[in-house]
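Number of protein chains: 2
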Amino acid sequence: MALLAEPKEPKIVTDTVPGPASRSALQQLAELQDTRATVLAGDYSKSVGNYLADADGNLLLDMYCQIASIPVGYNNARILAAAGSPEMATALANRPALGVFPPKDWAQMLSETLLKVRPAGLDMVFTTAHGSDANEVAFKAALMNYARKRRGVRAFTEEELASVMDNEAPGAPDVAILSFALGFHGRTFGALSATRSKAIHKLDIPAFKWPRAPFPQLQYPLDKYEAENAAEEARCLDALDQILRTNKVPVAAAIIEPIQSEGGDRHASPEFFRGVRRITQEHDVALIVDEVQTGCGATGTFWAHEQWQLPTPPDMVTFSKKMQVAGFFHTREMVPDQTYRNFNTWMGDVPRTLIARAVVEEVAERGLIEQVRETGAYMLAHLRPLAIRYHRVVGNVRGQGTFVAFDCPTPEIRAELLQLMRNEGVNMGGSGELAVRFRPMLTLTKAHVNVFVSRLQSVLNKLYQKHWPV
Amino acid sequence: MALLAEPKEPKIVTDTVPGPASRSALQQLAELQDTRATVLAGDYSKSVGNYLADADGNLLLDMYCQIASIPVGYNNARILAAAGSPEMATALANRPALGVFPPKDWAQMLSETLLKVRPAGLDMVFTTAHGSDANEVAFKAALMNYARKRRGVRAFTEEELASVMDNEAPGAPDVAILSFALGFHGRTFGALSATRSKAIHKLDIPAFKWPRAPFPQLQYPLDKYEAENAAEEARCLDALDQILRTNKVPVAAAIIEPIQSEGGDRHASPEFFRGVRRITQEHDVALIVDEVQTGCGATGTFWAHEQWQLPTPPDMVTFSKKMQVAGFFHTREMVPDQTYRNFNTWMGDVPRTLIARAVVEEVAERGLIEQVRETGAYMLAHLRPLAIRYHRVVGNVRGQGTFVAFDCPTPEIRAELLQLMRNEGVNMGGSGELAVRFRPMLTLTKAHVNVFVSRLQSVLNKLYQKHWPV
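Chains A and B are the protein sequences, given in the same order.
To convert a position in the first sequence, counted from 1, into this note's numbering, add 100.
To convert a position in the second sequence, counted from 1, into this note's numbering, add 100.
Just chain A, with the same shape it has in the complex (with noise of 0.2 Å):
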């Protein structure tokens, strides 16, 4: 396959984005799948590095990717041969149960894939299909363990053993895992009974008892609401430590997001974080950081709980999206005390290890996290003083790395915001009530930026000459 280069800038050959030709075959997969979400029908063999082509033949700067699960760039060199390889097909074509009859090289691809990103102090890595499943083995492992401590040594009791199959105590215990207000941790059912991000992702679908601890809504700009921001996230690492004090089912496990993604681009501040570490040591809950959408570089650095310096490190982190690859890393204490416990068919995939192989290795040997703080700084650098002068459209910019927000002041000029961009040929995506988030590639450079910073500034003027006309 010919290598394409990336164009200088965005080319938008039809009036609106989706263009007739992703209408018409969005239009046929309507017959077959729900499509109401859709936004266009994607070109990708066309597409290249940070620009996604659609079937009409647009090519967009891609700022959101994928719901921020493209590490690279489209049709990446290293991913490509990657994806070409005898290994590859060798992959795809015997497609192992890997907790059974692993492929002789297993351990060597973990170690020279998942393990030489491992966060510092967890050893051992568990992989799955997406980040749902992903925060829901690692849900078990915490349950298991927390049953361990309590059990000792001892054998199951015979009590234990029957409840179990009428999905009742004691074998089928009442026993929590605590989430954040606004967080996301996916959508199967024990993954959903711990997102609180919005009541559509929730509607009708039975979900555990479990508690929800308030996250900080921090104000903006920070430098301004230090005494208020501070006191925010006292109050609600004191409900933190109130609620594992007296909630009436005793929580194993707490899950948290570095930076709460779909609740709407939340932030808060080390300090917090290392709170809630405290907090959840002195009441024995294991901390899972859920890394799905922070992980793998685009805050500046690998794991975005590295910038919390925390003086022990959590229990277990989850990752999925831009690693291609879900899973969680853990201490060995998180292993049961039993086989065939925290087990399924698959448990993982070999070719989507691959890929993350080549994505570990793109990303340490072109510097890209170094590169996502630079083009981060600069992005942030440009966006303030849009929310100067364009201050009745953007509003609380706010970022790590290139894992970049401003908010809209109501959900329908975002929408209106987000189409005209995309008919200017920049994608990008929403999150939360009226946020407005930045998901690019690690690859994203200042002259993107550039690109798409003018854009924007077009499309405010837009917004600003049809609302607000001078």
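It cannot be assumed that every hint is accurate.
[As the list claims (entries may be wrong)] With a straight-line Cα cutoff of 20 Å, these simulated PhoX-like cross-link-like pairs (lysine-lysine) come out:
| no. | chain 1 | residue 1 | chain 2 | residue 2 |
| --- | --- | --- | --- | --- |
| 1 | A | Lys-546 | A | Lys-562 |
| 2 | B | Lys-111 | B | Lys-146 |
| 3 | B | Lys-111 | B | Lys-566 |
| 4 | A | Lys-309 | B | Lys-546 |
| 5 | B | Lys-546 | B | Lys-108 |
| 6 | A | Lys-348 | B | Lys-309 |
| 7 | A | Lys-309 | A | Lys-348 |
| 8 | A | Lys-298 | A | Lys-348 |
| 9 | B | Lys-309 | A | Lys-309 |
[What the hints assert, rightly or not] Derived, one-sided and incomplete: chain B residues facing chain A with beta-carbon distance under 10 Å:
| no. | residue |
| --- | --- |
| 10 | Ile-179 |
| 11 | Val-435 |
| 12 | Asp-449 |
If you're looking for bench data, these hints aren't it; they were derived computationally from the structure.
Every residue, glycine too, gets a C-beta built ideally from N, C-alpha and C.
Dock chain B against the given chain A, drawing on the hints supplied.
Showing chain B alone in chain A's frame:
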């Protein structure tokens, strides 16, 4: 890659399986992952057709096939061609969020793959990553449809919108998914609440208080126990009706396997399943047929439930394993009334769909379903005499297609038999407490059965000499 030829019989070069090279690879892996369920370290580039190669150079006739999930042979030429295609490289290197930016040919890809084998009456398909999440999205579809039928066209109430964020009713209502005793439907929290196979799968994990209906325990041989089995099935159907009539928590859906697989290869008659369909319809309860293990031809029809001759189709059919991609087929009624409700980042997997396309083509062009029927009948014809001659070890021979099993008298004898068979070069697995299950590929032939039967006879002789010497 040069295609290897399948050997005429197993080749075992070590005293036992696993041999030293496998053991060493697994020991290395034990530093990184829980390896207590591992059997051997595979050498997938040297595996071929029905034969699994291991790290020691052993070649085992594989009748277990990565827990029933290899469809048409290791290193199958058509699958390798799909795996090595430029289309595959593009799909691997550019993982889309299929619900938002699907590839422009995604509808065509689905039409050439999953839609080609869709069960009668089910025209839409939702793709996922594995069997557990296939069942969970089917549960969610049923639960949302259940709520819609009661809510009608009115908007969500303030109370629903607020309570759901606390995981409380009415937003997160107490509604159940019914499953059957000894059924297995996966390991994530929702799927696990429906799973009733073994205590060890469920212990220490909170579960929804969902009801469990009895599944028939048939006696063998079937022709001898016709009246008893009919009575047993009638008893189970009555119990199902009774639960749906009286269960405190309303039931939105029932999920059932055509053959209970992890639960011990438990079969029931087409009449029983027609009864389940009739009763669920009477109670307006959605019927989900879990074909994760039975689907893709192993029972002699593409979907096992085709053999039931249902007057009306099930509401949903889930799949994974041999299909290599997972998901569920459904009617348009199961699409929620708003978007983003049954949704996630990846919504399935293009590379695995391309593999599934090759699987479906291979099955059709080689007439493998017909072959499964013939080979399955041949297997049963050879196993039934062994069950007479070696009745102390081999009991209750049963099967549909090559989805065949027999029972051992104790778990210990079964473990001994499986180990001896591996040492003789035949890889098999257990299911439930006592069953030995055969889950060969669709490519199994009578010649393979001859190889396997001669090995089994030799192992049975050894077991008799040891335990029941004359």
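The hints, checked one at a time:
no.	hint	result
1	A:Lys-546 - A:Lys-562	24 Å, violated
2	B:Lys-111 - B:Lys-146	13 Å, holds
3	B:Lys-111 - B:Lys-566	25 Å, violated
4	A:Lys-309 - B:Lys-546	54 Å, violated
5	B:Lys-546 - B:Lys-108	12 Å, holds
6	A:Lys-348 - B:Lys-309	18 Å, holds
7	A:Lys-309 - A:Lys-348	10 Å, holds
8	A:Lys-298 - A:Lys-348	25 Å, violated
9	B:Lys-309 - A:Lys-309	12 Å, holds
10	Ile-179	4 Å, holds
11	Val-435	5 Å, holds
12	Asp-449	8 Å, holds
In this structure, the hints that do not hold are numbers 1, 3, 4, 8, in rising order.
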